[in-house]
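Letter by letter, the chains look like this.
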Amino acid sequence: MQTPLSSNDAITVRDLQKIYRIREGGSWRGKTRDILALNGISFSIPKGQIAGFIGPNGAGKSTAIKILSGILRPSSGEVRVNGLIPWANRVEHVARIGVVFGQRTQLWWDLSVGEGLALLRDIYGVDSGRFARNRARLADALDLGGIMDQSVRQLSLGQRMRAEIAASLIHDPDILILDEPTIGLDAPSKLAVRAFVHELCRDRGTTVLLTTHDMHDIEALAERVIVIGHGRILADSPFEDLRTTTLSERILELDFNGTPPELTLPTGATETTRTPHSLTITFDPHQIPAPALVAHVGQLPGLDDVRVSRPSIDEIITRFYADHAA
Amino acid sequence: MSPSPTRTLGAFGLYRRMAGASIIAQLRYPGTFIIQAIGNFVTTLLSFFGIWSLFQRFGSIAGWDIGTVAVLYGLVNVAFSVAETLGRGFEVFGGEYVRTGSFDRLLLRPRSTLLLLLGHELRLRPIGRFLQGVFVLVAGLWLAPHVQWTATLVLPWAVAGGAAMFLGVLIGQAALCFITVEGLEVVNVLTYGGVEAGQYPLTMFGRWLRRFITFVLPLAAVCYYPALFSLHHPDPLGLPIWIGAFSPLAGFVFLGIMVLAWNRAVAGYVSSGS
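From first to last, the protein sequence lines are chains Z and E.
With the working numbering applied, the first sequence corresponds to residues 245 to 570, in that order.
With the working numbering applied, the second sequence corresponds to residues 96 to 369, in that order.
One should not assume that every hint holds.
[What the hints assert, rightly or not] What the simulated footprint calls covered on chain E by chain Z, stretch by stretch (three residues with Cβ under 8 Å from a Cβ of chain Z suffice, anywhere in the stretch; the number is not a length): (1) 110-116; (2) 194-203; (3) 356-367.
What the hints contain is simulated information worked out from the structure, not anything from laboratory work.
Idealized CB from N, CA, C, for every residue including glycine.
Please model the entire structure based on the sequences and the hints provided.
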């Protein structure tokens, strides 16, 4: 019964649907209302890929994550993770995945990091040789040496997140599910987490499913991004494609050492902001290529500096959600 | 920490590891633990002095002597303290697992949820109730007439049955948390109320309550009847005296039913997501 849909895929999802039945008014006998959280989603993730899984709040992301983790049963649809149906045999399934919920700890508040890892070794039944190797490798890669003997309660958020990631990998899972792994972290900790995930995928071939609201995580890590909204998949493509199709415009910023002059712009370019010493022009590179536009404005009197930039990833995703009313 | 095992631990081995870790955590602040244990000992012992002073005043009540009542009191308190020690994870389940969503975390571990919750904490604090229960039980055996030598077998068996029953109550309480996290104080009627009711002979209660603590919550089966058997005291309600040697089994049956209820509740949670 547990034949993989395709043996090269770590995760396969087909026509997945989840309906929640909600009691209105919270009373036991009250009327019920159905909420369609997932409305038939399908995708597959090949082994060793890092896939970003994004969407606005309430889009159905956490429902999908819970189903893939084996802690929620869908209303209909097919799922295989490592060739197994997650909810059909929870114990066998969860032994082969690692899950980091950024907001919830899987370690023990009153135990040290080292004691917690040792307890997880026994929960997962990792033999002592493999445990010692994994522990040393993770301590080194995640810089846990100084905090092994500290109780989890005393750790900073960044330290705790590094310990959480180690805890989720102590049993060598083939698949790692990261739910908001960088939430609340300072910049160096975010960079450390991203670098680690990148190496994990490159060196060990671990498949990573990453959900986050931090689009920089996606930009830094994900080869591919699956966007979900209203329980449906709105896009499933490399991030660059999403950029091109959603918001291909560029931004030209001009600084002047006096008042910016009035100017006429070629088709495809419009002035968007004017301040006492600067101008911002938005343009479509298909209508007017950046070099041509720069040449056009290059001889303006008093021009001090010129910068061309692309919209930030946050702007792109905001526009994408708006376009899809997500 | 204990030495590294070389193979997958069985359920019992893992329980020992988790219990050991929880003891390390509790003893991290030994002062707090000692004060709590002493407080637990004193407050529970004070409640026995209430009963004792009644018997001082009236000699015996409704044909029951202080020795018999002390045995009942000791039995139910020792049994409850064992359940409190083992079942802490179920007691705090609503607040610490359901409300916070960390039950999902538990489901991500490749072990039975019952085992993981048993391993939540091996609670040391009820040692106060345990010790005073043993103390009163031994005093009762010393005071009561007609103590049978078989008491040394039946009373531990009754403690086991009683602990199983109270653990069953805690598991049932945890299972209810999936439906409602609020209003579970009601279940304390079965735990603390059960301890209170178990301290008195069955005949002191009205018919309705007698039936409840015999057939719904098998309190009489794990306390009253084994105590009558041990003290060779005929049952005023007319059941044969040998019943008490077997009746503690009812505590385990109750526990089994609650475990089934728990498994159904977890399956319901996994399919509804709330």
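Verification of the supplied hints:
{"no.": "1", "hint": "110-116", "result": "holds (count 3)"}
{"no.": "2", "hint": "194-203", "result": "holds (count 7)"}
{"no.": "3", "hint": "356-367", "result": "holds (count 3)"}
The structure is consistent with each of the numbered hints, conforming to all of them.
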